[in-house]
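For reference, the chains in residue letters:
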Amino acid sequence: MPLIEAHNVTIRIPTEDGIIYAANSISFSVEAGEVFGIAGESGSGKSVLMQAITGLLPGAEISGEVLFEGRDLLKMSQQELQALRGSHIGMVFQDPLSSLHPYFTIGSQITEMIHAHSKVSAAEARAMTVDMLGKVGIENAESRFDDYPHQFSGGMRQRVMIAMALVLHPPLIIADEPTTALDVTVQMQIMELLDEMRKSFGTTIIMITHDLGLLANIADHAMVMYAGTRLEIGATRGMFSAPTHPYTLGLLKSSPSSETAQGTNLVPIEGNPPSLLDRPQGCIFAERCPDVQALCRSTYPPVQIYDDGAEALCHFVPGDKDMVLPARAASPDHASRPIVVDVQDVRLTFTAKSGFGKKRSIEVLKGIDLQIRKGETFGLVGESGCGKSTLARVIAGLIPATSGEVTLDSVPIHSVTGERWRQMRRHVQLVFQDPVGSLNPRRRVGAIIGDPFRIHNVAHGEEQKRQVQELMEMVGLNPEHYNRFPSEFSGGQRQRIGIARALAIKPSLIIFDEPVSALDVSIQAQILNLMHELQRDLNLTYLFISHDLSVVRHVCDKIAVMDAGQIVELNESDRLFADPQHPFTCKLLSAIKDPPPLAGNSDRRIINTRPASPNAVMMEAV
Amino acid sequence: MTNQTTHPKAPSADNGKISEQVVQRSSFELTMRRILKDPALLTAVVFIVLLTLFAVFAPLVAYWTGHDPNTQFRETGMSPFGLPVGPNHEFLLGADQLGRDVLVRLAYGARISLAVGVLAALASALIGITIGMISGFFGGWVDVVLGRIMDLVMSVPFLLCALALVSVFGPSLGLSIGVIVFFSWTTMGRVIRAETASLTKREFIEASRSLGAGPISILIRDILPNLSVPIIVYTTMMIPSSIVFEATLSFLGLGITPPTASWGGMLADAGANSVYLVAWWLVIFPGIALLTSTLAFNILGDGLRDALDPKGRRIKPRKKKSVLSGWLTSRKTPEGGPNQ
Amino acid sequence: MIRYLMQRLLFACLVLVSLSVFVFFLFFVAPGDPARVVAGDKATEAQLVQIRENLGLDRPIVVQYGSFVSKALHGDLGYSYRNQQPVLDLITRRIPATVSLVIGGVIVWLAIGIPIGVMSARNAGTRKDRLGQTFILIGLSFPTFVLGMLSLYCLYFLPRKAGFMLFPAGGYKPFLDNPLDWAWHLVLPWTTLALVTSAIYARLTRGQLLQVLGEDYIRTARAKGISERKVIYKHAMRATLTPLITQLGADIAFLLGGSIVIEQVYGLQGVGALAVQAVANQDRPIIIGVVMLGGLFIVIANIIVDLLYTLLDPRMR
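Protein chains in written order, with our numbering: chain A, 1 to 622; chain B, 1 to 340; chain C, 1 to 317.
Okay, chain A solo, but in the shape it has when bound (with noise of 0.2 Å):
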């Protein structure tokens, strides 16, 4: 008997816009012991449907049936609800730095809720917790009880947050993307921690999530989820290699993984998803569809069931075809061309005072060497704080480093001062990582793109804006947008609009600072592939710099790894993955969760199909 079964969920909020339709019709079931994942985008409603079938999102109007051990949460006071959260059904958050109180021991954070639930004494409450503490990897727990949230690093914050999950015992605890704020290598123990309080205590675990890789290998069934629509739900290793959906199939291909590195374009989901506030009258996802037919938006298509339980909302059955990734051309050799960057041995050490003129100095980067050549993208990869968009930032000259030298196109750019230094920004430009803030909200597009043109006295009026719809168009927007602010595009477009500007004035070097890491993958796979496409036309030099080994792995000449403030190792993308040397490499390859190969699979049919649930259908009225 499953430990919790959703039925026709559907979840509306209403706001000053009009109504959201956060969830339509969505059924689940999760049998006791088991991971089950909700895939999805941002925005497909997988944090809202958790947390309105928990009851914290009491502004929702919500309707259907979700039965928890027997009983239905729907129909549930909130003092019912109350009293089951935290005892029968655990939560772990995604940020545990904003999720624990700050002004709270986190050994009374976690007693409060035993208290809350149980009647135990003080003495035991805090023996629960200590020994609750040790079990997920707090050293020291008696003595750290009384420590505050902010005297724990963030992996040690979320073992805080799961231990308080856990103290009760609960049969279910929801983790709402529980590693998503955290490092890789770090993300991995605390999946490799939940899976084992798993398999100790029995728990069943609900795991939302945007990482197909990561769920692939933890969960046993899982669902994906778009634009608040249940598109696919099966087993995950059925799903992942032969998926049922196109747009499963379509996250996967454009997920960069070891499958799709060597020599092949990934293949991204055009478009933008919908808006909630409306829905469309055939399938949700037919706008965006590769393989959309006429039928598609005319019609709600039904449940297809198939041999091995997996269903799909969708009126064709993908061919196998669709399973193989397109070639890529093989990147030439860079090892003759001239170099574009050279740094030596470049240090930065900030001071900062601390107690009567004291001086307490943090060295940021301790000698770093690397070359870049011309038309090649280097990659630089690493941990938060290692460093490398400090280096970035020293690269573009916006930083002065302590001691050595970058010279860019033969210039040294740290000797050059006033006018000549203004000149020198035409020769490197930046991307940033997030698409909402490298943007002047309150400047049009063209003004954005047109600025390199004004401060380098490049073109003006009629000149500048043809010059600037040209770029437009160069990377994919349209140019009658001209006069828009940058709120009215969505986060890949406005990543659009970051390139284009970095474009304007053929800068010699563009350094990317994690220009994805902010965007859905289906979106990141748009910008990656233009990034390719650009810097095969213009010969254009790029500094990559990410956390992210699969989509360095995916667009990278030439990898440099960097921890605390050195390059530990740097060699050609594909050696360095084939054969890492320092155990910093292995450590972080081996963090690396792939989804498996997509290999189709013919073996499964469609046993049967059914309409698509009435509630759907009763929506479309409405």
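You may find that some hints are simply not true.
As the list claims (entries may be wrong) - Estimated spans, in silico, between C-beta atoms of each pair:
1. B/74 x C/160: 24 to 32 Å
2. C/42 x B/274: 28 to 36 Å
3. B/141 x A/461: 38 to 46 Å
These are computed hints drawn from the structure, not numbers from a lab. Even for Gly, the Cβ is constructed at its ideal location relative to N, Cα and C.
Given chain A, put chains B and C in place with the hints provided.
Quick look at chains B and C alone, frame taken from chain A:
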């Protein structure tokens, strides 16, 4: 993702990348829509317009009633016992203890209140914006010095200092405005400083800098437009506090010199010897004028803030956080625990 | 921590020094002859010269300032020009009335402001919230003296005209003489002060609480299954406290320096009323004394608030 509405029908007839376009209402249109939906705000605007007309056409009021604001009508405006007469045909809002027309004096008082309110608010805004932007943008020792100056001004018991100043230089309109400006610009200064400092950390400023834009260009082209909401809202909200400040000074006999009419002065006259206990109109009408005016400006400020920056109404989206930003937030505080 | 405290103390001294220089030099450049104020209109020129010499007014300004500072550090703020009494005594005598007004006012305004703010924030967007916001807007817009005069008219004069005494018109009765009488005389001043100020606190509470309620750790608290009361009053209010304390410190200090308007309206013989009288009398030593005292209160309050900050926020320790 954004606080803007996506249009209910996102048309995507043409395929390819262009169809990515999310059609949205312009922010101006949205703001207007919110303003028009807010009856309190509209009432406040209408009231302010009427008040301004009342002040501008004060001489007309005097002409129409035939009462000069400073002339004492001892025959008609006062009872045989020397008490002021209440509202009647001749004195619509009654006469004061010297037999002057309350209505006409209200109109002339409105001129003082509005002039002081608007002028003082604009001047403090200008100073506050300039100092706040410089302090927030340049940081370092500039920020320390300017920040300390703001702290200093705020640590001054301002009403007492105003008392001291007036006792030395004697009350006057200019001094009132000067005192109000001197003690109000720090509010704006602090807000702008904080906003500028946080904007300066945004990536688009770094982008401009990396393009080679100079500090003046960044301040004016990149930062100033992004400050428009706090500037509009706080300037609006400084008007009522300046009006009350002026009225308070006048009430204490430190503002406008009699016999010039001002609302605070009228209330002070009413309070002297407790005349208002027998002549309620002396406190009710100027009191209501003062209250409704400040109320109207406060509603305007509140409404503008809600319309321009509807933070409170936004449905909070849960954005996917990158590893980097997670790290940045966690490193703001010193780390004591063992590292990963 | 100690370094931080030292910085704050240093800044406090800077504030007091600038304030004293400001008032002192202000009066030095001022027109008018203090000697004439002391001696009255009928004084002869010889008397005036004598008085100037006694007061040290003939010495250079810097010397005068120096002697003022050194005396002030020993608790001697000089003598009133009018009645030759020590300024410090005059101020000390006025302090009970001001302190009584402030303490009672603080209690009442916190008791009104915070609950309204909490109610408004918890029911954001509903009728209750609009009610709270209306209270806030009206409170913020009401000039203190208008409210004072209106309540005197309605709660003192009208009942008296009808033949009974609901509240007295004002005045201050010492607490030790008769606590009930003390409170009865202060009810109107307290409520007037509190109604106007509580709007500020309601707005602050509402804004902060709304922000805190959107924080992730509040969601965690709810996910733990603790009661909504606890979520609001323990978890959310704990984080809302800090800005409230800052505001409270500033307000108390400011009012202790003289709640001028309220004292004026209700005829309370407090520090503020003393200052107003001194201005009318051109009695400069008293004005200087009151300004310095007001500055001292603000400076002390700032330091206390800073200390409370570090106590309240474990991240600051």
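Okay, the hints, checked on the actual structure:
no. : hint                      : result
1   : B/74 x C/160: 24 to 32 Å  : holds (29 Å)
2   : C/42 x B/274: 28 to 36 Å  : holds (33 Å)
3   : B/141 x A/461: 38 to 46 Å : holds (41 Å)
Of the numbered hints stated above, none is contradicted by the structure.
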